[in-house]
Amino acid sequence: MSVRPLTDSPRQSNDCDVVASQFQGTPDTVGMAYVGNEDTIEQLLDSARHWTHTTAWVVYRAGEQLHRVGQGDPLLPWPSSIANDEFEAFCQARKLHRWPTGRGESVLGWLLAPASESTEPALAEFAQRLGIEVQTNTLARAQITQRVLYEITYLASSTRDRSVFLVGVHRLLASLIDAENFYLALYDPLSGKIDYPYYVDIIDVDALESENYEYLDMSHLSLTGQVLTSGQPLLIDSAGILTAQAEGRFHCVGDRPEFWMGAPLKNASDEVFGMLAMQVYDVARIYSAEDRALFLVVARHVAMALDRILHRADLEETVLRRTQELSTLNDALRQEVLDRERAEHLQSALFQIAELSSQPGDMAELFQTLHGIVGELLFAQNFYIALFDDATGEVTFPYYVDERQTVRPAARRGRLGLTEYIIRQRRPCLIDVDEAHRLAANGEIVLGHKSVRSYSWLGIPLFEGDVVRGVLAVQSYTSQVSYTLRDQELLTFVSRHIDTALSRRTAAEAIHAANLMLEARVQNRTRELDHANAKLQHENSHDALTGLANRTYLQQRLNQAWSRFDSDGGHLAVMFIDLDRFKMVNDSLGHHFGDLLLMQAADRLRGCLRDTDMLARLGGDEFSVLAPEAPLEVVIDIAERILVAFDLPFFINGHEVFSSCSIGIVSADSQFHQEPADLLRDADAAMYRVKSAGRDSYAVFNQEVRREVSDQVEREGALRNALKRTDELLPYFQPIVSVDSGELLALEALVRWHQPGGRVVAPGEFLPDFEGLRLIGRLDLYMLTSIAVILAQPQHANWPPVHVNCSSYSMTRPDFASEVLALLARHGVEPSRICLELTEGALVAEPAMARRTMQQLADNGMSVVIDDFGAGFSSLSYVHQYRFSGLKIDKSFILELTSSSRSRAIVRAIVRMAESLDLSVVAEGVEDAATLELLREMGAGQAQGYYFARPMGLERLMRCFSGDEPSLWYKAIC
Numbered sequence: 001m002s003v004r005p006l007t008d009s010p011r012q013s014n015d016c017d018v019v020a021s022q023f024q025g026t027p028d029t030v031g032m033a034y035v036g037n038e039d040t041i042e043q044l045l046d047s048a049r050h051w052t053h054t055t056a057w058v059v060y061r062a063g064e065q066l067h068r069v070g071q072g073d074p075l076l077p078w079p080s081s082i083a084n085d086e087f088e089a090f091c092q093a094r095k096l097h098r099w100p101t102g103r104g105e106s107v108l109g110w111l112l113a114p115a116s117e118s119t120e121p122a123l124a125e126f127a128q129r130l131g132i133e134v135q136t137n138t139l140a141r142a143q144i145t146q147r148v149l150y151e152i153t154y155l156a157s158s159t160r161d162r163s164v165f166l167v168g169v170h171r172l173l174a175s176l177i178d179a180e181n182f183y184l185a186l187y188d189p190l191s192g193k194i195d196y197p198y199y200v201d202i203i204d205v206d207a208l209e210s211e212n213y214e215y216l217d218m219s220h221l222s223l224t225g226q227v228l229t230s231g232q233p234l235l236i237d238s239a240g241i242l243t244a245q246a247e248g249r250f251h252c253v254g255d256r257p258e259f260w261m262g263a264p265l266k267n268a269s270d271e272v273f274g275m276l277a278m279q280v281y282d283v284a285r286i287y288s289a290e291d292r293a294l295f296l297v298v299a300r301h302v303a304m305a306l307d308r309i310l311h312r313a314d315l316e317e318t319v320l321r322r323t324q325e326l327s328t329l330n331d332a333l334r335q336e337v338l339d340r341e342r343a344e345h346l347q348s349a350l351f352q353i354a355e356l357s358s359q360p361g362d363m364a365e366l367f368q369t370l371h372g373i374v375g376e377l378l379f380a381q382n383f384y385i386a387l388f389d390d391a392t393g394e395v396t397f398p399y400y401v402d403e404r405q406t407v408r409p410a411a412r413r414g415r416l417g418l419t420e421y422i423i424r425q426r427r428p429c430l431i432d433v434d435e436a437h438r439l440a441a442n443g444e445i446v447l448g449h450k451s452v453r454s455y456s457w458l459g460i461p462l463f464e465g466d467v468v469r470g471v472l473a474v475q476s477y478t479s480q481v482s483y484t485l486r487d488q489e490l491l492t493f494v495s496r497h498i499d500t501a502l503s504r505r506t507a508a509e510a511i512h513a514a515n516l517m518l519e520a521r522v523q524n525r526t527r528e529l530d531h532a533n534a535k536l537q538h539e540n541s542h543d544a545l546t547g548l549a550n551r552t553y554l555q556q557r558l559n560q561a562w563s564r565f566d567s568d569g570g571h572l573a574v575m576f577i578d579l580d581r582f583k584m585v586n587d588s589l590g591h592h593f594g595d596l597l598l599m600q601a602a603d604r605l606r607g608c609l610r611d612t613d614m615l616a617r618l619g620g621d622e623f624s625v626l627a628p629e630a631p632l633e634v635v636i637d638i639a640e641r642i643l644v645a646f647d648l649p650f651f652i653n654g655h656e657v658f659s660s661c662s663i664g665i666v667s668a669d670s671q672f673h674q675e676p677a678d679l680l681r682d683a684d685a686a687m688y689r690v691k692s693a694g695r696d697s698y699a700v701f702n703q704e705v706r707r708e709v710s711d712q713v714e715r716e717g718a719l720r721n722a723l724k725r726t727d728e729l730l731p732y733f734q735p736i737v738s739v740d741s742g743e744l745l746a747l748e749a750l751v752r753w754h755q756p757g758g759r760v761v762a763p764g765e766f767l768p769d770f771e772g773l774r775l776i777g778r779l780d781l782y783m784l785t786s787i788a789v790i791l792a793q794p795q796h797a798n799w800p801p802v803h804v805n806c807s808s809y810s811m812t813r814p815d816f817a818s819e820v821l822a823l824l825a826r827h828g829v830e831p832s833r834i835c836l837e838l839t840e841g842a843l844v845a846e847p848a849m850a851r852r853t854m855q856q857l858a859d860n861g862m863s864v865v866i867d868d869f870g871a872g873f874s875s876l877s878y879v880h881q882y883r884f885s886g887l888k889i890d891k892s893f894i895l896e897l898t899s900s901s902r903s904r905a906i907v908r909a910i911v912r913m914a915e916s917l918d919l920s921v922v923a924e925g926v927e928d929a930a931t932l933e934l935l936r937e938m939g940a941g942q943a944q945g946y947y948f949a950r951p952m953g954l955e956r957l958m959r960c961f962s963g964d965e966p967s968l969w970y971k972a973i974c
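Residue numbers (the UniProt record's numbering): 1 to 974.
Be aware that one or more of the hints could be misleading.
[To be verified] Pair ranges (Cβ atoms, derived):
#1 Lys724 / Asn533: 40 to 48 Å
#2 Glu633 / Thr898: 19 to 27 Å
#3 Ser899 / Phe651: 45 to 53 Å
#4 Lys724 / Leu954: 17 to 25 Å
[Stated by the list, open to error] Derived DMTMM-like pairs: lysine to aspartate or glutamate, alpha-carbon spacing no greater than 20 Å straight-line:
#5 Lys891 / Asp928
#6 Lys450 / Glu403
#7 Lys450 / Asp466
#8 Lys891 / Glu840
#9 Lys266 / Asp314
#10 Lys691 / Glu704
#11 Lys691 / Glu716
#12 Lys95 / Glu64
What the hints contain is simulated information worked out from the structure, not anything from laboratory work.
Positions of the beta carbon are idealized from the N, C-alpha and C atoms, including for glycine.
Assemble the whole structure, with the sequences as input and the hints as a guide.
Below, the structure is given as structure tokens:
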């Protein structure tokens, strides 16, 4: 435990005349608001401790050191405090990211988390919300401080009972600082006696039973004695106390506190008449720098107030004594009455000054009111207040009233006036004419013009702490008014209260300015957030490349337009626009080139629309137009203008590019359209009809298109259902035989669709639908799965390799090869038993991806042949670059082999090329013996066609395999 007076502990001395019980008071409304804000901060911390994404955070409060106020994971070893000069290195060493939590003149605190969490929005929001609460906390604390100081002044003015005043001071101080351990001592420097009128301590709660005073022992000073003798505040921790004891400067009696604060109480003459002390025993409750500063401010205020109470008590005692002497001392009685009136007048003036410091208004009004108050106490017709800037040495005169010098002096530096003399002396001075000449003779001052020389001049320094902040002066120019030492004492006493009033008003103005600055920052931040939200909203509703509305924004506007159409009628149209040949431009010239084309196309489209129309980019090369209140003929006119505009070339980076467009139009009809999505669907269908009809045109959605769409939807449903079943899409097999021997070398699996009604549909009728609906990739895997199931059966173990057609879409999918190999592995089928047939389309669309896919398949033993060779580009570079094992000559050449010398020449060249490249050759489309004979003469190795067998189902194929000579297909009749 720390010590109270001299012994500093009630265990060693029990000499208080008033021993208060530990303060149990209820905070006032301002205090409750402050506590509520602390609860809000704790709620924020507690909420963040339950995050699921991260709890590796910690919050520190700024001060002389950074003190930990909360952390997420309680198991993480965060230090309880960090020195300010070590904070940067601490964050770097632990790779921590930091967010400020509130800003005043400097950062009020920090939120720390691992640098890996620096982009976590929840942490940034947490720091921002915590900062707002900390700033609110700081502001609330300043307001409470101001309120407490005012209430101490009011308490001093409203009570005559010293003990009531001290209990009230303790209660008010406890609303600001941890004041569980608090005491006050009064000191008589003449006798060395120290009284303890108030003492509260949580360690020793027993009341003192004997004397409540002691005498100062200069040879063995306690903490209390040190403050009383030095006249300076003492703020010291446990380590400092130990050091002082070791050096013999002072000592602690009783339990040593973790921190002890003591401040002297001084009267108007700057004499120590007592001290105020607080202490804590828990290291976790050591006072912060803010607490220490508040304690010193309150102590100075208590000193002033207590001095007034003691002075008032002394005054009342004097009045009482002189009243008793009335019978013999009439003259003394009259003087006593005057003294009483003067004292009461002074008391009233001091009360007015105290009230003035808490009232609103600017400094000019404050100075004018102070002038009036001083004028009620003494002659103050000539009165001024000067302020001194210690940093620049400049003296200014914010308030100046004088009967002779009517112009306020300008700001000045380095002058030798009476004002500067008071600033240098740091004490009150009463200067008459003789004293002024003496000072001038000594070079202390320079006398002014005779017309403005004072007959009597009284100046009092104004202090802020120990620093002179200005001068208060009164003067007279005639012998009728001559100031006395009593006037000097009076004005000195009043000036102490003026010091406090000016400090409080300056602090209030600083708080007000800080509030205005904070409000301005909040407004600026709000404007920034509004701007950011507006920008974000625009970005969310517009295409980043073209600046047009995006699909989401189009849907919103369409919903609004549909609501008006649905309720009021009128016209409403939607257009779908798709750029023709855009993919080819994009693939051949690059995506950047394609982006530039899209931007120019968007500009052209804008130029063709009405002001009321809305243009949107749906994605890729697809655009849409929303045309409210537009009859069909108006929309058609817009479409025709667009087609004309797109007849002109685009000039992009020195290239001349032509790109037409296909346009689908739909006009809202309540008979067929029930919701906005119906318009988008029908416009899209009309646009695809233009695409299928040759592009570069427009189409209006009508009954015919509606029927086509309905049929297409029905077909799509049937195709999707077929892919889910195993008895509709079935493989049919056609043999591939040796031209020389007729031996069966391979089988090609061809898909047939057995519809539920019994109709068998050839692939030419439904494959385009698979491609249009983007189901072709699923069909490829479906067929490969069907073949794998067949080959996996033991009775089919000796089958020759089976050729399966593969679409360009599948061959250019990054995961296709892995999926095929995994599929075969699941069924236990070797990849060498499957041969994929690939057209040249995949090589043209995505050559690099196709090459990687073929390489992966070849590395695992699966062969790939190029189908319909000669029908496309027939580029020799394809044959050279890709891992093909063979070629299948397009049947258009084989069918004309006997009748066209050109076809014979082409086939012969292909056969020779294949021989030189060691590739197998399959002649597809052999339908007669003459064609077979020509192929044999040309050296073709393999053939396929109706001459040998038509495509057949699995059941019939098995019957052929069970014949007497199953391998000689052209001799067997299946």
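Find the hints from earlier in the document that the structure breaks and name them by number, from lowest to highest. Checked against the structure, the hints that fail are numbers 2, 7 and 12, while the rest are satisfied.
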